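Taken in order, these protein sequences are the chains called A and B. Residues 0 to 166 (numbering that gives the first Met the number 0) make up the first sequence, in order. Residues 0 to 308 (numbering that gives the first Met the number 0) make up the second sequence, in order.
None of these hints come from the bench; they were simulated from the model. Where hints are given, some of them may not hold.
[What the hints assert, rightly or not] DEER-style ranges, computed between Cβ atoms:
| no. | chain 1 | residue 1 | chain 2 | residue 2 | range |
| --- | --- | --- | --- | --- | --- |
| 1 | A | Arg103 | B | Leu56 | 45 to 51 Å |
| 2 | A | Gly144 | B | Val175 | 51 to 57 Å |
| 3 | B | Thr60 | A | Val98 | 36 to 42 Å |
| 4 | B | His169 | A | Ser37 | 46 to 52 Å |
| 5 | A | Asp78 | B | Leu17 | 38 to 44 Å |
| 6 | A | Asp78 | B | Ala67 | 18 to 24 Å |
| 7 | A | Trp3 | B | Leu265 | 30 to 36 Å |
[To be verified] Here are some chain B residues the structure puts well away from chain A; computed CB gaps all over 10 Å:
| no. | residue |
| --- | --- |
| 8 | Trp50 |
| 9 | Leu56 |
| 10 | Glu59 |
| 11 | Pro64 |
| 12 | Ile66 |
| 13 | Gly68 |
| 14 | Phe160 |
| 15 | Arg161 |
| 16 | Leu176 |
| 17 | Val234 |
| 18 | Ala253 |
| 19 | Ala278 |
| 20 | Leu291 |
| 21 | Phe293 |
No experiment lies behind these values; they were computed from the predicted model shown. Here a beta-carbon is modelled for each residue, glycine too, at the ideal position from N, C-alpha and C.
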Amino acid sequence: MKLWQRLMCTARRRSPWLFHMNAGSCNGCDIEIVAALSPRYDAEQLGVRLEGSPRHADILCVTGPVTRTAVNAVKTVYDQVCGPKAVVAIGSCPATTNVFIDSRTLVGPLDKHVPVDVYVPGCPPRPDAIIAGVARAATILAERGNNPPKTEMVMAETVKPVEEVQP
Amino acid sequence: MNPLLTALARFLIFPGLLFAVPAAWFFLWVERKAVALMQERVGPPFMQPFWDFIKLLGKETPPRPGIAGLIMRAWPLIAVSSAAGAVGLLPVLPSQGGFEGDLILLLALLELPSVCIICAGFSSRSLFGEIGSAREAALSVSYNIVFLLAIVSIAASQHTFRLEALAAMHPTFLTVLGVIAILVCLPAKLHINPFSLPNAEQEIYSGPMTEYAGPELAMWELAHGLEWVAATGLVATLVAPHIALAWGTTLLAACLFVVLSVAVVLLLSVLAAATARLAIDSSVRFYWQCTLIFAVLAISSALFVRFWS
Numbered sequence: 000m001k002l003w004q005r006l007m008c009t010a011r012r013r014s015p016w017l018f019h020m021n022a023g024s025c026n027g028c029d030i031e032i033v034a035a036l037s038p039r040y041d042a043e044q045l046g047v048r049l050e051g052s053p054r055h056a057d058i059l060c061v062t063g064p065v066t067r068t069a070v071n072a073v074k075t076v077y078d079q080v081c082g083p084k085a086v087v088a089i090g091s092c093p094a095t096t097n098v099f100i101d102s103r104t105l106v107g108p109l110d111k112h113v114p115v116d117v118y119v120p121g122c123p124p125r126p127d128a129i130i131a132g133v134a135r136a137a138t139i140l141a142e143r144g145n146n147p148p149k150t151e152m153v154m155a156e157t158v159k160p161v162e163e164v165q166p
Numbered sequence: 000m001n002p003l004l005t006a007l008a009r010f011l012i013f014p015g016l017l018f019a020v021p022a023a024w025f026f027l028w029v030e031r032k033a034v035a036l037m038q039e040r041v042g043p044p045f046m047q048p049f050w051d052f053i054k055l056l057g058k059e060t061p062p063r064p065g066i067a068g069l070i071m072r073a074w075p076l077i078a079v080s081s082a083a084g085a086v087g088l089l090p091v092l093p094s095q096g097g098f099e100g101d102l103i104l105l106l107a108l109l110e111l112p113s114v115c116i117i118c119a120g121f122s123s124r125s126l127f128g129e130i131g132s133a134r135e136a137a138l139s140v141s142y143n144i145v146f147l148l149a150i151v152s153i154a155a156s157q158h159t160f161r162l163e164a165l166a167a168m169h170p171t172f173l174t175v176l177g178v179i180a181i182l183v184c185l186p187a188k189l190h191i192n193p194f195s196l197p198n199a200e201q202e203i204y205s206g207p208m209t210e211y212a213g214p215e216l217a218m219w220e221l222a223h224g225l226e227w228v229a230a231t232g233l234v235a236t237l238v239a240p241h242i243a244l245a246w247g248t249t250l251l252a253a254c255l256f257v258v259l260s261v262a263v264v265l266l267l268s269v270l271a272a273a274t275a276r277l278a279i280d281s282s283v284r285f286y287w288q289c290t291l292i293f294a295v296l297a298i299s300s301a302l303f304v305r306f307w308s
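So that you can see chain A by itself, here it is in the shape it has in the complex:
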């Protein structure tokens, strides 16, 4: 049993599959994620695979300051990823909402809605920073296993439709 757990721990560390979720990003971080998988940086050396379906993924990579239209999609996709899972916030936007702070179309930052494990700051972050963040998330995943994330999940406040918001 102990051996199986150690094997599983190694397997989780060495096989992080990503699902990339755009929550209203300007595409800058998305391009850098693609660059991280491209020949120069080649994240597949670490076993990283970009998956098409959130059901297959271990690590949810979110880019963008969570917009009013994207927030429900983010929560749905987070629930669709099967545990054990980790969330990586790519770029400054999901961490702090960046230059869009106080915008009335945003409900970010990301950690108000889903528990975030690793922040990769930058606007956009370099591909090697993204790979380092994913590797860190994979280590967290391996240590945590099936236990729930330590950070308490903050319940999102109800989102009003755009029409009701006073400028």
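Since chain A is already given, all that's left is putting chain B on it; use the hints.
Using the frame of chain A, we list chain B on its own:
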């Protein structure tokens, strides 16, 4: 030796499960590594498919209530068992009767995983799964005609459906043509690049696999790897054993089988890395218009040769 014991040993040890499962992981790695090298990347580490499999076993699955969920869970298991059975049937070592090398059973078992994929996509009730399944169905109708005609033409020229008899025969022009036709069908059978329509990533997410997670997905990955072993093994047995039997030892036969299979995997991976995905209509047109003529020619000349002699 007891024939039942021999059959069991073949299914469980060589070329069955004990050989086939590591070989499946190895072939998956070879495929990914070859594609990576073609793209000037380093590629995944050697143990990668194994780690992926173990990790997927440890993941949770979404709740699947009722009969529909039960059916959905059953498809990957059927696919794995039929692909493993197909590998176990390959007559790598010389055999004495039984199901060993029975071509019809082998073809049925090779076909089952793709039927399972079609059913899985529809039973997952995901939109992307249904599109992927429809594509898989259209593709399998197209390539299977050519695939079956190629094998039947080899079989008809030798007047037998036993694989070792086919492999032991002297290679003729028809055999070469048949093996080339089988090789043309393999990319579609294994869903790799020019014909990677059913699980077209970035296009319809993961096709029929979209809703699968955790251990079920691990079983699909394993089934895919075993399909690689069975399909390349079929080509290897059609080409190899008469060379190895001439040399005499079974160990050499086994080694030659592995080497030839890896060569076919490399060939297919390089093809996959060098090509882009075709649309469904051009794929279907490729098999029905360009390849079918040669398959019909092959089978008619095989029959002609058969009745002439």
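For this session: Against the earlier hints, flag every one the structure doesn't satisfy and list their numbers going up.
Result: 8, 9, 10
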